[in-house]
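Going down the list, the protein sequences come from chains A and B.
If you use the numbering used here, the first sequence corresponds to residues 2 to 203, in order.
If you use the numbering used here, the second sequence corresponds to residues 2 to 203, in order.
Don't read these hints as lab results, they were simulated from the structure.
Given the structure is predicted, the values throughout are model-derived calculations rather than measurements.
Using N, Cα and C, we set each Cβ at its ideal position, and we do this for glycine too.
Hints should not be assumed to be uniformly reliable.
Stated by the list, open to error - Okay, the calculated bits of chain A under chain B, using three or more residues with CB under 8 Å as the criterion:
1) 65-78
2) 81-91
3) 109-123
4) 126-134
Protein chains: 2
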Amino acid sequence: MKKVILIGAQGKMGQAALTGLGNHQVITASRSGKDCDYQIDITDENSIRAFFKKVGSFDAVVNTVGACEYEHFVDMSEQQWLSTIMSKMMGQINLVRIGQEYINDGGSFTLISGILNVKPIPLAIADAVTSSAIDTFAKCVALEMPRNIRVNVVNPTVLEEAWDVYGEMMPGFQPVPGKLVGKAFERSVDGFLNGEVIFVDA
Amino acid sequence: MKKVILIGAQGKMGQAALTGLGNHQVITASRSGKDCDYQIDITDENSIRAFFKKVGSFDAVVNTVGACEYEHFVDMSEQQWLSTIMSKMMGQINLVRIGQEYINDGGSFTLISGILNVKPIPLAIADAVTSSAIDTFAKCVALEMPRNIRVNVVNPTVLEEAWDVYGEMMPGFQPVPGKLVGKAFERSVDGFLNGEVIFVDA
């Protein structure tokens, strides 16, 4: 049994990840902290550091959050780009950058990207661009981690559980059950994968 | 003959691109403006807008700049990440975002990424991550451009002309002549490619 930190635990992706973490002691966190053990704002490096200091010893981080702005490219402001970058990209980079100071030897980070970087749709360019950044980040940073720490990223298609929200903007996509995405998180946390982009698509 | 804006004209990559632009009227620009027709700071959206307003009518933008911080991941600060992001990533996104308002119908943007996103080396993680962001950006934004505007990105390996500077940190890499990279820019500007990552590697 490992001590696993799950960020975004109350979201749909967090609940999907949770189905793959049944063998572990799960510490939950989210931006609001509501119904979670801890509060963390991944867009703020001070919040990240304070969080890891508070939690103490842990073996794995599973992040399921990364807020994106959805907009047509020509209408998207620099500010909208930067708010996406600071959450889905810089936020996740900072989770690994700061978290690697605190995580136990042989621990793992599992990040989140999303299939829209290989299957583009209108409005989602900032999501797609930052997802590719994180996919490449996971591949590269795995080569630099000390103390046998591993880093992977789960790149899922849309969840069945979120199809009512996203289905209309994703014609021709096949949603997958959250439990299948949970298995990708499980393979990352419990396996020996490292520097891998774990696609879950149908 | 097209009117082509070349950004970073005095750099080694700019000189490589220039070898492929022999059929065109080339307007040169750089951060300092030294020995160039214009000055532009791609990290500042106001500088970008002022630049396009000054230049007037044009058919193509070829960008060869994107400043990156080189550092081991565990030693790289958020500030170093953000300065790389604001230049190589946000800067190039802003060139297209603002430039598409000013470019002629059927014009083209050619951006720059770099081979280290598929061939990682120590110290270059921020370069690699932002290069992947720009590769995906070009693929996605091409699907959204109005008025038959095209967008491509050249993803080159190291230049022979820069081997004395970068060779030591890139063991096992085969540099390519600037003229070969120039042909990639030529194919983007003079061809009909769109949303393409044009790799130049050996």
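Status of each hint after checking the structure:
Only residues whose C-beta sits within less than 8 Å of a C-beta in chain B count toward coverage, and the segment 65-78 of chain A has 4 of them, enough to reach three; the restraint holds. Only when three residues or more bring their CB closer than 8 Å to a CB of chain B does the claim for the segment 81-91 of chain A stand; here the count is 5, and the claim holds. Taking a C-beta to C-beta cut-off of 8 Å, the segment 109-123 of chain A contributes 3 residues in contact with chain B, enough for the three needed, and the coverage statement holds. As drawn, the segment 126-134 of chain A meets chain B at 7 residues by the rule of a beta-carbon pair under 8 Å; at three or more, the given contact holds.
Comparing the model with each earlier hint shows no violations; every hint is respected.
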